[in-house]
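Q: As a plain string of letters, each chain reads:
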Amino acid sequence: MTTRREALGLLSAGALSVASSPLLAQAKPGESVLRIAMTVADIPLTSGQPSQGAEGIRFIGINLYDGLTRWDLSHSDKAPAIVPGLAESWSVSETDKKTWTFKLRQGVKFHDGSTFDADTVIWNLDKLLTPSAPQYDQAQSNQGSSFTGSLASWRKIDASTVEITTKSVNALLPYFIASIFMCSPARWEEMGRDWNKVASRPSGTGPWMLDQLVPRQRAELVRNPNHWNKDRIPKSDRLVLVPMPDANTRVAALLSGQVDWIEAPPPDAMTQLKQRKMQLVSNIYPHIWPYQISVLEDSPLRDVRVRKAANLAIDRDGLVNLLGGYAQAAKGMVDRKHPWFGKPSFDIRYDRKEAMRLLSEAGYGPDNPARIKVIISSSGSGQMQPASMNEYIKENFKEVGIEMEFEVLDWEALRARRRAGAFSPENKGRHGVNNSWTYWDPDIGLIGVASSKRRVPNGYNWGGYENPKADELADKALQTFDAAEQDKVLADLHTIMVDDAMWIWVVHDLNPRAMSPRVKGFVQAQSWFQDVTPVRVEPA
Amino acid sequence: MLVYIARRILLTLPIAIGVSLVCFALIHLAPGDPLSAVLPEGASSEVIARVREAYGFDRPLPVQYLIWLKHVLVGDFGTSIITRRPVTAELAPAIANTMAVAAVAVVIGFAAGIVMGCVSGYRIGKPADRLVSTIALSGVAIPHYWLGMVLIVVFGVQFNILPTSGMGDGGIGSLFTTWNGFLHLLLPAVTLSVIPASIIARSVRGAVAEVLKQDHIQTLYAKGLAPTRVFRHVMKNALATLLALMGLQFAQLLGGSILVETVFAWPGTGFLLNTAIFTRDLPLLQGIILALAMMFVVINLFVDVLQTVVDPRIKRI
Amino acid sequence: MGMSFPTEVAADIGFSQPSRSFWAVVGRRLRRDPLTVACGLILLAIILCAIFAPWIAPADPYKTSMAYRLRPPGDPRFLLGSDELGRDLLSRLIYGGRLSIFMGFAPVFLATLIGTTLGIIAGYAGGTINALIMRAIDVFYAFPSVLLAVAISGVLGAGLVNTIIAMTLVFIPPIARITESVATQVRSQDFIKAAQATGASGTSIVLGHVMANVTGPVLSYASSLVSVAIVMASGLSFLGLGVTPPEPEWGLMLNTLRQSIYAAPINAILPGVMIFVTSICLSLMSDGLRQAMDVKQ
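For the record, the sequence lines run as chains E, U and D.
Numbering-wise, this note's numbering puts 21 at position 21 of the first sequence, and it's gapless, one number per residue.
Numbering-wise, this note's numbering puts 1176 at position 176 of the second sequence, and it's gapless, one number per residue.
Numbering-wise, this note's numbering puts 2064 at position 64 of the third sequence, and it's gapless, one number per residue.
Hints listed in this document are in silico derivations from the structure and should not be mistaken for laboratory results.
Just to be clear, a hint being listed does not mean it is correct.
Derived lysine-lysine pairs resembling BS3-like cross-links, with alpha carbons at most 25 angstroms apart [claimed, not checked]:
(1) K109/E to K167/E
(2) K337/E to K109/E
(3) K156/E to K2063/D
(4) K394/E to K78/E
(5) K488/E to K2063/D
(6) K428/E to K331/E
(7) K353/E to K398/E
(8) K2063/D to K78/E
(9) K197/E to K230/E
(10) K78/E to K331/E
(11) K353/E to K2063/D
(12) K277/E to K109/E
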């Protein structure tokens, strides 16, 4: 009987939700509303550190919250820099180079009216990193762990000064700090110290405040008129975020006027969107679609000539065409104009002849192909059109004498295998993993993948790449605190990575989004994150 | 009869326990690490161990099962790994959305099935019957996710007169109250209705033929009995069976709508199931399968009992 | 994926052995049933095409050509158009029959073997063994079939073998039920009880009788399952839970072409035509055959 009651309970719960969910937009007459369809299947976690990766940070993280530092997303023509956020300035101790002092902005209020100060910074760091703290939250801690890994300790100096010590010398701290979000301790107390309840009424310092959250259906944010940064007070009154994982659904929703802006329209819909006068915007951003490769004993890719040949065998222009033009041929990990690009001598291009020459030098040829097996996914965030693209490259490879075989996994399974490293038993005999990557900070983009000290799980070096010069430059970058100097060291590191053909780099996504012609004021930054505060929808 | 009903309900109990065991076992057959979904890029092994413990995945399986069962019995289906919301909170709106489209599909199927069945039954063995029977058979043989795509191509792409995906922006409340909501419901419901329509058509065809064979009807028929009278006879005889069929079809649709929901991006249980599978959200996956299977068991039981009440001549077991 | 298993198939069982004249009757009846024959011929054509695909297909089903993606049917280079990677659709449809049809037959075949065995054991042994087997079967029967197939293959992960395992598990319960009910009926016959009493040779006599009587209803039921299985298997591939790319398979082709449904709607629905034609021919044919072989008629 229990089971029956259970099911009946569920039925009535379902019926209840029919009656009670306030689903229609709560917009008041005359309000200007911006409605965005995201690609995620659910509203990212709103209680602090968002879930759902970059999209969570893009739409929830930097809208509801601020970090001590932030990305300057107001330019479309250059890579965004780190600028002051809730901290007005910071410095690192000359003596040990591990102790950082952050001077906090004064007079900043949370959405709930409480004051932001040094205590709240300490409280938030404990929330992520001190399991014994009452406010410690496992879920937020997990989500934040890519950014908090280098932190050793933190303390309050005075009401507007905090000191953070890193585990080892790490000049990249300001990058990480940008994605560690500050939420209001007062709100957590008010909600009975329950993070799940905070999720429906979060309180940050960001330019938007959460008005309403209907899980899996919509999040409605309203303007924070008191935001500390007067330049970033939203131009729209209300921001509605709708999860729509299905690409065709997003297109249909935009065309029918259900939303004003869609993320990642599918390449084959571009023509139709253009015909219907939609704006298509795109820009380079730190995304790369590569094969991360194994250089272990059993891998044909251990031989740098084979790696180079593979890089030369890909017809990237054809791929760009396949992607409706919304991709850029890769010349390395980072894009050509990026400050970390450097001066590699190995020019990544489409050159079948050279590829075949290198392969035959390495002892391979059309009759004796180099056989590689790579792990690919059927879909996934940032993976673009994995099936089509992999198929395409397989054909390219075949023409020069590389036989590529696939193991197709779903996205989460692929991520788990990437996290395990090429040397783990389950990855035996796999020579590459097609996991799209980012270079939004030097750690994940260059140091963490190229340094031999950063083999998984201590970093992102999947395939065991090892080059003493790369290690040396990686260490040097971590100890170079001057931003311009650091960029130079990173450019040298990138030069080595490309000359070693460390990975097979294919294309950069151009992050297309489609918008109704009435959407004005959007500047697409060269970033995974975007600022929607200047955006406004003109009345019809 | 009461004894039969009591017996029937009692017999359902072991099935329910078995179903819960299968649900649990299924999830623990899953290859790959369930935690991969909650861990960010580059999580250290220490973080991984901590999370594993926090989610209880380090306990022995029988213990995990008992803990899970205990919670399920009090209505706690656990918490989604990905969203951290209770699984029941995830399930409730999804079930409501699927029920909405399944219910409309069954109603459409019922109406279409009765029309087809009557045409067939009156003209049994004639070309009309063969034609309608073949159509009915196609209803079962057609891959209905593909039928959905065809409908999208026709009504969404070529003529562009009907919305082809999602539920519109009004949510479930607007499906039956606004024109736009109803339009969103139309294509998925019609797509799902073909199976119930075929099955009901076959059943009605048989029932009509049966009634027409009866001697007194034959006599009346010869005297010019109105087809509506025959129809009333048919309904009197077959209504219980037809209602039961509808109930069972409704239950099948609840569990089997995943393909059509995928085609139309309908935010119901199938869509949730898909999300749970591809994000490896095991508690959610377990919860959906269990809830849907239990609803299936309960609806079956309900239909069975109801049929016994309506028509005590039907003897079972 | 119309999945309602007729549970009462085994209601009437003739205890007679088919004679030679039986097939003559069947043949005569079939000749008067052009629909069944036509369906049989279409199926035969599809299967032959699949088997001899390398000789029939005009192009290599794996050969991509980006310059010619999503060409409409009738293009001089592609009779039925090309897919999202510029592969020849006609060739992929021809090759696709191999996996799609195989995935329809394999699970039904396996489930028939396993289900019949379980059913005979349960029916023959009776008592506790019967209860154990049949209650376990009941549990699997308590799941909506599509849900069970999706759940199992979702959990096991994509791949041909996993799909076949999942579908086999879905089909075992109804087959085991039919077999068990026939076997139990046979067992209760008086002469069988007598034979059973004679020991070892008795057992084989009984098994022989059970087999003889089980074959008809089980085969008739299994043949009607194949069409369901083909639709279900391609459905799993359509969800990304079945065959993995780049294999040509009808369901998977529908899946990958769905992205392009606005750009090339006709191409996007073509693979479904194959699934539909195969499935409808299979069910019409198995219907026709069942009628033709119906002894009572």
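Q: State for each hint whether it applies.
A: Against the structure, the hints come out as follows:
{"no.": "1", "hint": "K109/E to K167/E", "result": "violated, 31 angstroms"}
{"no.": "2", "hint": "K337/E to K109/E", "result": "violated, 39 angstroms"}
{"no.": "3", "hint": "K156/E to K2063/D", "result": "violated, 64 angstroms"}
{"no.": "4", "hint": "K394/E to K78/E", "result": "violated, 34 angstroms"}
{"no.": "5", "hint": "K488/E to K2063/D", "result": "violated, 45 angstroms"}
{"no.": "6", "hint": "K428/E to K331/E", "result": "violated, 29 angstroms"}
{"no.": "7", "hint": "K353/E to K398/E", "result": "holds, 13 angstroms"}
{"no.": "8", "hint": "K2063/D to K78/E", "result": "violated, 40 angstroms"}
{"no.": "9", "hint": "K197/E to K230/E", "result": "violated, 30 angstroms"}
{"no.": "10", "hint": "K78/E to K331/E", "result": "holds, 18 angstroms"}
{"no.": "11", "hint": "K353/E to K2063/D", "result": "holds, 21 angstroms"}
{"no.": "12", "hint": "K277/E to K109/E", "result": "violated, 42 angstroms"}
Hint violations for this structure: numbers 1, 2, 3, 4, 5, 6, 8, 9 and 12, all remaining hints satisfied.
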